[in-house]
Amino acid sequence: MNGDVPLHYQDALIEGILRQVRTVAMVGASANWVRPSNFVMKYMQGKGFRIIPINPGQAGSEILGEACYANLADVPDPIDMVDIFRGSEAAGGIVDEVIPMAADKGIQVIWMQLGVRNDDAAARAEAAGLTVVMDRCPKIEYGRLFGELSWSGVNSGVISSKRRKVG
Amino acid sequence: MADDKSPDRRNAPYEFGFETRTIHAGARPDPITGARSTPIYQTTSYVFDDVDHAADLFNLQTFGFIYSRLTNPTVSVLEERLANLENGRAAVCASSGHAAQFLAFFTLLSPGDEFVASKNLYGGSITQFGISFKRLGWTCHFADPADPENFRKAITPKTKAIFIEVLANPGGVVVDLEAVSAIAKDAGIPLIIDNTLATPYLCRPFEWGADLIVHSTTKFLSGHGTSLGGAIIESGKFDWSQNDAFPTMTEPDPAYHGLTFAETFGDFGFTMKARAVGLRDFGPCMSPQNAFYTITGLETLHLRMDRHVENAQAVAAFLDGDDRVAWVSYAGLPSSPYHDLAKKYLPKGAGSVFTCGLKGGYEAGVKLVENVNLFSHLANVGDTRSLILHPASTTHRQLTDEQRDAAGAGADVIRLSIGIETADDLIHDLDQGLSAI
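One line per chain: the protein sequences are A and B, in this order. For our numbering, count along the first sequence from 1 and bump the result up by 27. For our numbering, count along the second sequence from 1 and bump the result up by 26.
Check before you lean on any hint, since a few could be wrong.
If you want the footprint, here are the derived chain A segments under chain B, 3+ residues with CB under 8 Å [to be verified]:
1. 68-79
2. 96-107
3. 114-121
4. 165-175
Calculated directly from the structure, the hints in this document are not laboratory data. A virtual CB, placed ideally from N, CA and C, is assigned to each residue, including glycine.
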C-alpha cells in the first residue's frame, strides 16, 4: 500500500494549508477529552479553526461545542479540509468518499494524521485535484511552524534569521 | 509559491550544516523586539490569557509557558538546539547531568525494574546507578563493554534499558555502539548514550541506532566551566508499544489525569513525560541564566572541539613517549586498542579527556596534580582550561579498589582534560610537573 520512501513536505506547503484552511471536518474525533483527537480538536479551535467532528457513535450530540455528524455527507456546511483520525486502511475508503463530494463541499485538502498513510488513496485524491498530507498532525505542524512546539524543546527544523511569525 | 499545490514528497528539504546549526538552531530573533541574541527570560511564571487557556496549559492541550520549573523561553532555545545538533526529535534540560540521568530513568522505570550499564562510566554515575538508584527500587547491572555480548548476557525480563558512554570517562575507552544498539533492539529496549565527552560534534549516537542521549551540558557543550546543566534528547524512533515493558509510556498515567504519553505526543512523548511529570514533581530544572551561557558556549562548539582534539593528540603523543609515564589511554593514539572504534564512531577525533598511568603510582599521582602550574587541579572536564585530576584520591574515592580498577581509575591513574591553550605550554607544564616528582 505504501512505498518505503519517507514523506517530505515543504514547510511552505504546510504553512500555506494552515493559513488558508478555516473549516476542518475531523473524521474519528473522540468525545473523550484525554484522547489525542480531542486534544487536537481543542488546540485547533483555540487557533481559530472551526472543527466539525465526524463520529457515527456520537452523531447527534456535541463534541467541544460542535455538532457531531455520522459521516461527511451529513455535514450541511462547506468544508475546507478533511482530517482523518482513522487507520491507514480506513483512510482509503474515506478518501473515496471525499473525492466525489469535494467540489460541492469546497474540500481542497485531505490530511491524514500521524501514523496514517495510504499512498494509493493519496494518488487518487491528487489525481482529483486535491492536496494531500499524510502521516502528520496539524496540531504538531502548526506548533512547529509558528514556534509553539519549540517551547517544549521539540526540534522544529526551522533555521531562520527572520523574526518568528506569531500564529 | 508555485509549487504549493504540487508537493514533491520525494524531495528532502535542504539540510543546514552542523556549524550553522550550533549557532542558529532553536534561536530566531525575538518576535516582538527583534532581539537577535536569545534574551534571558529571568521569570518564574507567565500570565494566562483566561481561565480556559490556563486549563488547556495545565492539561497539556496547548503548548505554552506556565512556570519555569517546566518550561522557560531561554531554556527551550537550548533544548531545541541540542535536539537539532543530535539529529533528535526533542530535548528537555535539567539542572545537571546527574539530574538528566535521574529524569531519564524515572521516566522509564518502575520499582523492581532493572537496566544494564557499562562498567566504564563516570564514577559519579556508578555511584548514582549502583547505590542511590537501588533505594528507589531500580537495579543496575554493570557489564564490561569490551565485549558487547556482555550486555546481552546481563539482560533479564526486568531489564528496561542499556546505558553506555560511547567515549568513556575517564579511561579513553570507546564502546562498539552499533553492536550494543543491535542487542538493545533485539531485546526491545532503548539504548541510552551519555554523549558528554564526545559531544554531537564528534559522535552522533542516533545515527548508530541509539534511542536516547543524555548530556552533562556543564562540560564541552557549555564549554567554559561556567554553568551546570544536563539534557535528555529523544530520537523519536523508539516504539514504546512494541511490547508491554513500558507502561509508564503506553498506559494512562495517573500522575496526569489518565493521559497516555506515547499515544498523545507520539515521537516526543518521552520528552513530554520527563518534563510534565519528572520536572514537575521533582523539580531539577535548568536556570535561564545557565541556559544562556550554554547557548553562547554552543555557538563555538565546532571551533573548540577541533582545538581540544588537536591539543589532546599532541599531549597524548608527548606522554606516550615519556619514560616517566607507564601508559597512556587515549583512543586517538594508534597504539590504543580502541583506535579502530574511535575512527569509526569519532571520525573527527577521540575527544580531549583521557588517562595516563605514572610509573610512580599513587604517590606520584598526588605529587603531579600538586606540581602543575597551568593545568587546574579540579573535578571537572570539558573546560577551555586544561584540567588534571587524580581520580583515586578524589572522584573515585568512594569506590572500592576493585570498582576503581574496573572503571579505569586505579591508584596510578591521572585524568587529563585538555583545554584549548597553546599545546606546547601544556606539554611544558606536564614535563616540569613530572620532573618535580
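Hints versus structure:
no. : hint    : result
1   : 68-79   : holds (count 3)
2   : 96-107  : violated (count 0)
3   : 114-121 : violated (count 0)
4   : 165-175 : holds (count 4)
When each numbered hint is compared with the structure, violations occur for hints 2 and 3.
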